[in-house]
Amino acid sequence: MVVGYWRLAGITSGLACAAGALQAQLLVRAALGARHTSTLVHDSIITPFVLRPALAPALAVTAATPLDERWTAQVTLDFSTSTLERHDADGTTTGLGRVSTLAFTVGLRRPLGAGFAAGAGVGGLKYLPAGETGIFRSGAGGVLGLAGAVVSYAPPRVGGRWQLGIEARYDVHRFITPALRSEGFTSARTVHRIALALRAGRGGAAGAAGAAGAAP
Amino acid sequence: MLACSEPTPPSRAGTYGFEAGGDVFHWPAERLPVRFYAQPTGNLRFLVQHAVDSWAGVFLYGEFRGTLVADSTGADVIVQADSVPDVPPDPGAPVYACNEVTAVPPIDTNNRFTEPFHIRVAVLPGFTPAQVAACLRRTTIHEAGHALGLFQHSPDPVDIMWGPSGAAPITADGPSDQDRRTVELLYHTPPTVLPPP
Ligand SMILES: [Zn+2]
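Chains as they are written, first to last, in my numbering: chain P, 46 to 261; chain V, 8 to 204.
Source of the hints: derived by calculation from the structure; they are not laboratory data.
All residues carry an ideal CB built from backbone N, CA and C; glycine is no exception.
Do not rely on the hints blindly, as some may be mistaken.
[Said to hold, decoys possible] Here are the computed distance ranges between Cβ atoms for each label pair:
| id | chain 1 | residue 1 | chain 2 | residue 2 | range |
| --- | --- | --- | --- | --- | --- |
| 1 | P | 147 | V | 201 | 54 to 60 angstroms |
| 2 | P | 169 | V | 115 | 54 to 60 angstroms |
| 3 | P | 106 | V | 108 | 28 to 34 angstroms |
| 4 | P | 169 | V | 103 | 31 to 37 angstroms |
| 5 | V | 29 | P | 89 | 21 to 27 angstroms |
| 6 | V | 72 | P | 135 | 16 to 22 angstroms |
| 7 | V | 192 | P | 138 | 47 to 53 angstroms |
| 8 | V | 118 | P | 169 | 49 to 55 angstroms |
| 9 | P | 241 | V | 15 | 29 to 35 angstroms |
| 10 | P | 231 | V | 192 | 18 to 24 angstroms |
| 11 | V | 90 | P | 169 | 50 to 56 angstroms |
[Said to hold, decoys possible] Coverage of chain V stretches by chain P, computed from C-beta distances (three or more under 8 angstroms per stretch; other residues unrestricted):
| id | region |
| --- | --- |
| 12 | 16-24 |
| 13 | 92-100 |
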């Protein structure tokens with residue numbers, strides 16, 4: 046089941062140490078989709094309002110290497126960008142400028158059968174505002190802890206070197222900025238993000254880091 | 008990493024009044040950025056830009072933005088001065104070395120201001136250019152506050168919108184926490200007066 050991977054022997058010899066008898070190998074996948082992010086800030090001045098990013102294009106690049114026949118280790122770099130929006134109680138929406146996020150996670154993944162695979166990981170997330178204004182006027186506040194999970198599906202490959210799949214990616218972090226602390230917010234807010242994406246991986250097991258999942 | 012409860016909005020107790028005779032005004036979102044024109048005298052343009060930035064910087068949620076325009080035609084706020092020293096401000100104790108006044112425009116029958124706000128800057132005699140520059144820097148922020156819709160003075164001398172009586176200088180270098188809370192409250196209060204056309 047590992048034969049179909051996009052082999053980068055040599056480059057990955059270090060990563061493959063833990064795989065014991067498995068050959069050194071690395072699967073690289075890219076996933077492009079859309080991300081919804083829950084409320085970053087809930088405030089009330091006369092009337093309540095919330096801040097959250099608009100639906101955002103999201104790109105994730107994952108490098109994975111199998112540890113054994115079931116488990117795959119993977120690292121993922123995830124980027125998304127959209128407009129930060131204020132939603133007022135009267136239904137109006139105001140754009141507050143562009144904000145991007147860059148996240149890095151390290152995790153494990155395993156097949157579930159029938160082309161499905163699931164994984165989980167932890168890492169960090171950095172907000173990258175276009176300007177130091179508003180809630181980011183004193184900066185974004187450093188790297189925030191992140192935990193996430195991913196479920197993917199890849200149909201059996203019928204030919205060619207690339208395999209397509211779909212994945213749902215969820216993560217959660219706690220959000221606050223120095224400006225919000227100055228305003229009087231004393232604790233961070235839990236922010237949930239979910240992305241649905243089309244994924245392309247090179248090799249027979251692109252299904253999943255799944256590798257294993259696509260070719261059980 | 009996860010908490011069971013979410014943060015509650017902070018208390019914003021501690022504000023001063025901002026309405027004038029029951030009228031409330033702030034620049035609506037669709038009129039942003041507010042267009043400021045500064046007469047090209049000395050470093051007046053720098054002073055006005057500094058004032059605009061000082062106020063825009065206190066908002067968290069994009070309620071106010073301002074920009075300097077090169078032409079007074081179509082400006083929302085017009086700032087004029089006979090002379091403005093282009094020197095670094097004196098770092099010493101504030102002195103009453105300048106005078107500024109904001110003319111709030113008339114209101115028509117549709118509850119709309121009929122013309123732009125006008126701010127007039129005057130330099131008082133008997134002070135060094137650096138003392139005047141320091142006074143103008145603080146007072147221009149104060150007058151811009153009026154043009155934002157803060158039509159009352161704060162009773163607290165630590166606020167930039169403090170209203171000195173007689174020959175007392177403004178001592179705050181910029182908007183204080185109470186200024187911030189007050190202008191935030193203003194920009195979330197439904198206005199009763201419309202901006203000039
Ligand atoms: Zn005043």
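Give me the numbers of the hints this structure contradicts, sorted from smallest to largest.
Checked against the structure, the hints that fail are numbers 1, 3, 4, 7, 13, while the rest are satisfied.
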